[in-house]
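Visitor: Work out the full structure, taking the sequences as your base and the hints as a guide.
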Amino acid sequence: MTKWFDAACARLRLLFARRTAESRMNQEFRLHIELEAEALMRAKGLSPVEARRQAIVAFGGVEKHKEALRDGRGLAWLGGFSLDLKLAFRMLVRYPWLTVVGGVAMAFGIAAGVSGFEIGTKLVTPSLPLDEGSRIVGLRNWHASQNRPVSTTSSDFATWHEQITLVQDVSAVTTFRRNLITDDGRSEPVTVAAMSASAFRVARVAPLLGRTLVEADEDPGAPPVVVVGHDLWIRRFGRDPGVLGQSVRLGREPAAVVGVMPEGFAFPAAHGLWVPLRGDAVGPVSGDSALFVFGRLARNASMAQAQAELNAIGVRTASSSPETHEHLRPQVVPFTWLFGSSESRDLRIGLALGNAFLVMLLTLVCANVALLMFARGATREGEIAVRSALGAGRGRIVAQLFVEALVLAGLAVAAGLAAARLGLRSLLMTIEADSGRPLPFWISDNLAPTTAIYAGVLAIVSAVIIGVLPALSVTGSGRLSGLRRSARGGGGYRFGGVWTAVIAAQVAVTLMFPATAFFFHRWVVAGQTRDVGFPAGGYLSARLELDREMAPGAPRDAVERAFGARLRGVYTELERRVTAEPEVTSLTFADRLPGTAHPLSRIEVDGEPVPGTAAHRQRASSASVALNFFDVLGAPVLAGRNFTNADIESPVAVVIVNQSFVNHVLGGRHPVGLRVRVTSVGDSGTPGPWLEIVGMVRDLGMVGGDEGAGLYHPISPERAASLHVAIRVRGKPESFAPRLRTVAREVEPTLQIHELMPLDAVGADQWLSSQFMSRSLTVLSAIALLLSLTAIYSVMAFTVSMRTREIGIRVALGADRRRVIAAILRRPLAQVGLGVVVGGILVAASFVVLLEATPTATEAALIAAYSLLMMGVCLLACIVPTRRALRIEPASALAADG
Amino acid sequence: MHGWGIGQRVQQLSDGEFAMNQGSLYPALQRLEKDGLIASEWGVTDNNRQARYYRLTAAGRRALDREVESWKKFVAALETVLRTT
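In the order they appear, the protein sequences are chains A and B.
Residues in the first sequence are numbered from 1 upward in steps of one, following the numbering used here.
Residues in the second sequence are numbered from 1 upward in steps of one, following the numbering used here.
Bear in mind the hints are in silico, worked out from the structure with no lab data behind them.
In this text, a Cβ means the ideal position worked out from N, Cα and C, and glycines have one as well.
Not one of these hints is a red herring.
The calculated label-pair distances, taken between Cβ atoms and stated as ranges, are:
no., chain 1, residue 1, chain 2, residue 2, range
1, B, 74, A, 27, 34 to 40 angstroms
2, A, 63, B, 74, 35 to 41 angstroms
3, A, 63, B, 61, 30 to 36 angstroms
4, A, 94, B, 57, 47 to 53 angstroms
5, A, 22, B, 48, 20 to 26 angstroms
6, B, 24, A, 389, 18 to 24 angstroms
7, A, 82, B, 61, 35 to 41 angstroms
8, B, 74, A, 389, 36 to 42 angstroms
9, B, 74, A, 82, 41 to 47 angstroms
10, A, 62, B, 57, 24 to 30 angstroms
11, A, 57, B, 48, 25 to 31 angstroms
Cut-off 25 angstroms, straight-line C-alpha distance, at most; resulting in silico cross-link-like pairs (DSS-like, lysine-lysine):
no., chain 1, residue 1, chain 2, residue 2
12, A, 86, A, 64
13, A, 64, B, 34
14, A, 86, A, 66
15, B, 34, A, 66
Guide: Encoded structure:
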């Protein structure tokens, strides 16, 4: 036992004192040889030089014994490892181009894999960046027969709050939008969270200034208070520490600011302002907006235990109120599931498939890099053969090549992680801008620790593909023949039919990649520059919203009617005041603005023969607009008449159609008097009511219908699903924006103004995600292109340089140089030419099929130029080594190792 | 004794019967040291040169005795076999 211990100690000591041990070893050997030489000089009278030589011979292989001692030092492989590292770095520096290209390619592959994994993690198992965030849970009702979650009511909340013990600080929150009016007169809509005071205890975040909400604030008679979030504090209150105690108004209700929360706090999801949750006054109509219930697991309680307790409560509730709760089963779920984290199995499967695809992509990239490495590694066959003759085992050599690949992979991982993070940030910003809503606070561009581990795994896998597999083949059965081969001089690589196919495929794919990016870009550009038919730059647009006030207990339609009347009154007053402004020419509204996506429906025309042909059912967009819509946009009616007041209340629904509708749906017939209807409303399958066409206007930017066909319904403002206004302004529209807010506030403080921007900027947001995709595709294509070109160049240069001896012999035998070049170049050029032809056909075909267009002259020129570039690269790849070979003396070409 | 000295001694004592490959002495010495049978320390030779001196440890002495015993037994047994055949 002690013997083992002593041995272990000795080993460890030796391990740590390696450098000392090395120099000591050298010293010892040196002394030995000196002593032996001296003894020989004395004994045989030899000269110092001869004595030394004989001493060394007598010693035996010095290096071999040194290696034996090193091996015996225990953990020798670790010592070898540091040597391998040094060699690896040296090798990477020696072939910089390969390092850069291989590194970039692998970084790209790893970034893609990592991004996919991180997105999956964020979607499926996000972690809350709060204290013990995994113990925060949500409570909700699940409908057993409909198999979906249902909204929680305040009675559910009360029941759970009272009865459950394994979940503490059960809180609820509901969201609504109000105008926040500060003392300086500014009025902007904000998202308000009416939240239980205990929710702050659940989050365990202390306020930056003042206090959080407390239970006392929830009493019906308590003074109304509000807690402000960090962003809002900066934007609206200018970081003023004296904000505490300031009085603000939310819509019509006043409230006092009692606290400011620190940066990053957006509990429960993306909220910036909190008021106490009360049953009555400051709050929306109960049943209108969703109530979310959550809490924290008690110490030592698990989700399963809490679920069991909740099940019991659920059973009691179901039996006491069967008419509402018979099918409801309360659930304890992870907190993020309440706010949109997805639990669906389909999503998980989709994500798994997506990740698998990305891993395959990485494998493909690594195979490409392995190809480059192989081409380079094959030229090191001589070195490897010699090394193995010196006594290195096969495992040792493979380990060395593996370390080289691992170093490259390590560099690539660092770059890949950084790139993934940047890409994620860009993606998240795009999603936020596209959807118009901020993302929940637990989704950021931070990478989870599991992702870093995944990146490490990917790096090792890549290193195995790039380093081990080629190494195994190079050090394989052909070791001895490798020496023989390099002695004879190269030419031993037969790249047969398989290689031809591989290279041709590579070239074709390289052609396709940028083409795809190009198509996508073209499509985006075409969509964006669609003409709206009138000078949209001279209009200011906004979306109006009015606070819904609650009337608990009142019947639903009475409430709706009252709200509608109120909205109409507000709009009318707003119209009067705004048009009275000196800068304003006119004002109108619509439920959708020109240049944005309009809903599509299939239309059929009355009086047509029974449809057998698809042409009888075209798709058209629709919009509901004000009576003065066309006048304000400066688009006079071209046929028939404009809308009148009577049309709004008329029993016969009337519409005005646009020019494209007449051309494509009506086939050019005179539209006035014709009747059309929607073939099927929603999913119901029943057709809509008949609509009579009373007029025609020119195209006004209806995006979505076939060729932009569309029709317009006349409505009064309260009927609009979404109330967008367009204001014709003299001068720049942005200059009127603040004035609009002021006027709106004077008309009605609860009138919220959203998306205030010039009309020509309105459609831009829609294209953000497409632009993002287009940009991504371009970057990916550039990388793929770089990789492919380098791979092609490498393989070509390698095959040609392998034939140096052949060139030398031919020249020595008197062949004409030109013919030699032609012979050498024939094969590679044929391969590349095949690839270009195949790729070109694919590109042209996709042009016709996907875009249904023929390429313009510039596009055709671009494609031709690109093909020429590919051929040029290949020519270069072949010519450079060929010229080098031709310049060598034939004799030295024969002598060369290939 | 230092490494070279050991080699010389063995050669002298065996009258040249054991003329070993001198370098292979060192890995063997390292193995013995790892097993704790010998110990080494650095010292100075007569000519003022740095050398590593090896000596037998107590455990090494015991192992040596054991090896000698088993060798003697082996030789005795071999002689018996040869005598009787």
